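Asker: Listed here are the chains, written in short residue letters.
Protein chains: 2
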Amino acid sequence: MKTATFYHAGCPVCVSAEQDLLNVIDHTTTKIEIVDLGEQRNKIEEAEKLGVQSVPALVLDNSNVLHINFGASLEDVKG
Amino acid sequence: MKTATFYHAGCPVCVSAEQDLLNVIDHTTTKIEIVDLGEQRNKIEEAEKLGVQSVPALVLDNSNVLHINFGASLEDVKG
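Protein chains in written order, with the working numbering: chain C, 1 to 79; chain H, 101 to 179.
No lab work stands behind these hints, which were simulated from the structure alone.
Treat each hint with caution, since some may be false.
Unchecked claim - Which residues of chain H face chain C? A partial, calculated answer using Cβ under 10 Å:
{"no.": "1", "residue": "A104"}
{"no.": "2", "residue": "A117"}
{"no.": "3", "residue": "Q119"}
{"no.": "4", "residue": "L121"}
{"no.": "5", "residue": "T128"}
{"no.": "6", "residue": "T129"}
{"no.": "7", "residue": "I132"}
{"no.": "8", "residue": "V135"}
{"no.": "9", "residue": "L160"}
{"no.": "10", "residue": "N162"}
{"no.": "11", "residue": "N164"}
{"no.": "12", "residue": "V165"}
Unchecked claim - Simulated pairs of lysine-lysine, BS3-like, Cα-Cα distance not exceeding 27 Å:
{"no.": "13", "chain 1": "C", "residue 1": "K31", "chain 2": "H", "residue 2": "K131"}
{"no.": "14", "chain 1": "C", "residue 1": "K43", "chain 2": "C", "residue 2": "K31"}
{"no.": "15", "chain 1": "H", "residue 1": "K131", "chain 2": "C", "residue 2": "K2"}
{"no.": "16", "chain 1": "C", "residue 1": "K31", "chain 2": "H", "residue 2": "K143"}
{"no.": "17", "chain 1": "C", "residue 1": "K2", "chain 2": "C", "residue 2": "K43"}
{"no.": "18", "chain 1": "H", "residue 1": "K143", "chain 2": "H", "residue 2": "K102"}
{"no.": "19", "chain 1": "C", "residue 1": "K49", "chain 2": "C", "residue 2": "K2"}
{"no.": "20", "chain 1": "H", "residue 1": "K149", "chain 2": "H", "residue 2": "K131"}
{"no.": "21", "chain 1": "H", "residue 1": "K178", "chain 2": "H", "residue 2": "K143"}
{"no.": "22", "chain 1": "H", "residue 1": "K149", "chain 2": "H", "residue 2": "K178"}
{"no.": "23", "chain 1": "H", "residue 1": "K149", "chain 2": "H", "residue 2": "K102"}
{"no.": "24", "chain 1": "C", "residue 1": "K2", "chain 2": "H", "residue 2": "K149"}
Model, not experiment: these values are computed from the prediction.
Every residue, glycine too, gets a C-beta built ideally from N, C-alpha and C.
With the rest of the complex left out, here is chain C:
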């Protein structure tokens, strides 16, 4: 089972991207974890270490980070 983590911040763009990705991803081979950095602020540092520069972003288990849709920068999320 592959794993992927979707980091978002609760914004409408994030939620829309989340639904779109959940719709096309193969859930029989990939387990998706959803992290709302607006609520789980203690995960912001973890996200940064993984290479997340903006949200929404999908971190794959090959360490690649797909930043999606020119969303909010982590600096904005830290606010």
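Put chain H on the given structure of chain C with help from the hints.
Answerer: Okay, now just chain H, sitting in the frame of chain C:
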């Protein structure tokens, strides 16, 4: 069968994102078409009409456009 179109321009970032998406997408429910705008320049206008502002981008059949990884703008691709 859902359809999705992945627009790219042959750059390393594009190719990496393409492989990552192909790896996680459910190919039993979603058919992916790959369009290289560097080679298929006649498709650039179509991409713009669909709302593609930069590549790589994934256009879903609900008309949503997921722009990925802060890639090249279409203005750059037109060059």
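Asker: Are any of the numbered hints broken by this structure? If so, which, sorted upward?
Answerer: Of the numbered hints, 8, 16, 24 do not hold.
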